[in-house]
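Asker: Listed below, chain by chain, are the residues.
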Amino acid sequence: MAQPLDRQKAKPHLAEEWVGKIYTLFCIAFLIITIISIVYFVASKGLSTFFKNHVNVLDLLTGLKWAPEGEPALFGALPFIFGSFSTSLLAAAIAAPLGFCAAVFMIEIAPKFGRQFLQPVIELLAGIPSVVYGFVGLSVIVPLFRDIFPGQGVGIAAGSIVLSIMILPTITTIATDALAALPKGLKEGSYALGATRWQTIYRIVLPTTLPALMTGIVLGIARAFGEALAVQMVIGNAPHIPSSLFESASTLTSAITLSMGNTAMGTAANNALWSLGLILMIMTFIFVFIVRWLERRSKI
Amino acid sequence: MQAFGMTVNDLSVAYGDRTAVKNVSLDFAPKQVTALIGPSGCGKSTFLRSLNRMNDLIAGCTVTGEIWIRDQNINSPETDVVSLRQRIGMVWQRPNPFHKSIYENIAFGPRYHGTKNKKQLDEIVEESLRKAALWDETKDRLHNSALALSGGQQQRLCIARSIAVKPDIILMDEPASALDPVSTAKIEELIAELKQDYCIVIVTHNMHQAARVSDKTAFFLSGEVVEYDLTPTIFTNPQRRETNDYITGRFG
Amino acid sequence: MKAKTVDKIATSVIIAIAALIVLVLAGLLGYILVRGLGHVSFHFLTSAPETIRKGGGIGPQLFNSIFLLVLTMIITIPIGLGAGIYMSEYAPSNKLTNAIRLVVEVLSSVPSIIVGLFGLLVLVNLFGFGFSLFSGALALTVFNLPLMVRITEQGLKGVPREQKEASLALGLSKWKTITSVMLPIAMPVILTGTILAAGRVFGEAAALLFTAGMSSPRLDFSDWNPLSPFSPLNPFRPAETLAVHIWKINSEGLAPDAGEIAAGASAVLVITVLLFNFAARWLGRYMYRKFTAIK
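Protein chains in written order, with UniProt numbering: chain U, 1 to 300; chain S, 1 to 252; chain V, 1 to 295.
The set of hints was computed from the structure by calculation and includes no laboratory data.
Among the clues, some could well be false.
[Claimed, not checked] Here are the simulated SDA-like cross-link-like pairs (lysine to any residue), alpha carbons at most 25 Å apart as the crow flies:
1. U:112 to V:285
2. V:8 to V:23
3. U:187 to V:8
4. S:119 to S:103
[Claimed, not checked] Here are the computed distance ranges between Cβ atoms for each label pair:
5. V:30 to U:286: 51 to 61 Å
6. U:286 to V:278: 29 to 39 Å
7. V:126 to U:61: 21 to 31 Å
8. S:122 to V:221: 44 to 54 Å
9. U:293 to V:53: 51 to 61 Å
10. S:151 to U:120: 27 to 37 Å
Glycine residues also receive a C-beta, built at the ideal position from the N, C-alpha and C atoms.
Whenever a hint applies, use it, and build me the whole structure from the sequences.
Answerer: The structure is reproduced here in structure tokens:
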């Protein structure tokens, strides 16, 4: 006697599958709605400076004077843009060679010591909160610079140093992964030809891992670009382009942090801050796309 | 216990554009062991994995044709795959016990399928382990991790796990290829034992094993069944030249 | 012999740099702990801050940080797990899924100050949650979710395919397979990652400035009714966290011992984050051993 293939009449597993699918779909939908609304709200607020307050985009991007509550109100954001770019690029310039050397040390020179000691150190550096970096920068680096260089010690130099330590873990981790993923034969071939370790690193390892290293550097720049409080604490917050690295300056994030609480929602001065936020967000997207482009290149 | 077989009609499997199995029709009789042999990449494992719709998991894999169990074509889209798989046990090349205790490994399936009673579960566990010839070795440590067992024991545990949900058919994908000779012999004994209750389909690389354990043998080559007959016939008097070449070791 | 000399110099430079990095961390931790720990006492950890006088503590801030962390994780973990499971197990491999992956990546790189701005606009003003723990927890959820999704996905991808197939072959539903077979195996990875994420949440400040707020009402620690405005448990009250407090006293602190308080608070923050780190490492190793134990 042939009994039906499905033993139970009720199929609890079908309901179960349905619940699982709906639940996970709901979660991912929440994530997508969140990102879409972030983009939408920041963009609509940021663009209102141009559409509602009729500020010229070019004036905002190239203007040198920031006086949103002055008469007439001036919305020159170039000092902030300059500050953001110069601190994050400088930070990357300091952190990139350090990170590469740390990676070489961990993979090529002392793998055992590196994994047991340097690796955890780097991970701990990544875990320290940014306000703590800011505090140490303010109480160690700034006074130090004040003693050595003319000025108050605050400025782009102090900001970049703090940022460089903050992004060092990002750069080092990616460089380490890239070096570890190199095929063994590649290096052995070079050693077999009589090249020294440094020659091998310089001629073989560096060029082959370059796209991956660049990925790490761009990720580091992106992180430095978006960092707010640590930079704000050591940069001085003067809204103009400084004439030296040791002179008070400002970044997009520091301007937003400082003034957002002191301006009323909906005013031109407040909208202008949202425009700075929009620039920040657009730069983030650009960094993400550069990283993706680099990742695709390093796969080939 | 009523025994069921399986009939496969014109089954083809493709990964994207690449056809792995071409128009295979086979009949698996109840209470018999059928061996699928052939060189690597001939499609025998792919074919086996289609029989319990395991290939559904692989993106881009399409299976066409009919697979009949009792009076149902299980390869139709309406089939409730989850219920279906309960009727078809599967054993893999490498033993893959769950990361749970020996007891839990066996009780996991039946409990899900509705047996909540502790005493009934205990009985199922004991019966399945006995059938898999593992009871004596494990009865004192049922609640220890299954991963602590040896490879051969793990594989027998996996067989016990699959018979605990009372399937009609058991599919085995090279069940002994990762084991030592002693464990292999035990698994082969076990297959002969299980044959009395189940329809067993076994993929194997080892022709001696096929000759020892199976009643019928299908020879696969490039995704097609070249020859399907009683095992003694295949090994002593093959009708096709390719079969003869393969079993005499001329290729593969 | 010139190549060999260059090689030696380069090697020494690399070793020196590695040493420098270790020194920087040692100096950083040493500085914070030496300067801060002297100030940390039971009184400091439990009493309220002073605005202009000496001797203020960080009690409410510490409480706020912990409460906010718990709230955030309660919201983040179920959503993050769900979304991670979707990405790893349910998402079909097509263009839409790739787009979702890009979206998650973008969200993970949005600066936290932007998340804070979004929170200010949408949570605080539009939804009317005000400057509150709840707004802060939601903002931190947004900030933390991509990480949680990635951790879950990573954990599930590490589950051997045979384990999943074995469960499905027994006739278990996909959902039951994920929750009873795959998640337990992925648990060490997920748990370790979650603890590290919690450490990140604990130290985050920028996303909180404009969501949880920069002030705390005078808390009445004898009032445990979550609906009362002065109850510490009320999720709809403003709450300055430890990290925000450090930032605030550094930029506008008036108390004469502001530097010491900042140092003490930093020490507490860093020690907590270190504890999270060690807990994650230890737990990861412990669970790995437990799961692969050969008894």
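Asker: Would you mind marking each hint as holding or not holding in the structure?
Answerer: Hints, one by one, checked against the model:
1. U:112 to V:285: holds, 18 Å
2. V:8 to V:23: Between residue 8 of chain V and residue 23 of chain V the Cα gap is close to 22 Å, so the pair holds against 25 Å.
3. U:187 to V:8: Answer holds: residue 187 of chain U to residue 8 of chain V is near 18 Å, not above 25 Å.
4. S:119 to S:103: holds, 13 Å
5. V:30 to U:286: 51 to 61 Å: violated, 39 Å
6. U:286 to V:278: 29 to 39 Å: Holds, since residue 286 of chain U and residue 278 of chain V (Cβ atoms, about 37 Å apart) stay within the stated range.
7. V:126 to U:61: 21 to 31 Å: With a Cβ separation near 29 Å, residue 126 of chain V and residue 61 of chain U satisfy 21 to 31 Å, so the hint holds.
8. S:122 to V:221: 44 to 54 Å: holds, 53 Å
9. U:293 to V:53: 51 to 61 Å: holds, 56 Å
10. S:151 to U:120: 27 to 37 Å: At roughly 36 Å between Cβ atoms, residue 120 of chain U and residue 151 of chain S fall inside 27 to 37 Å, so the hint holds.
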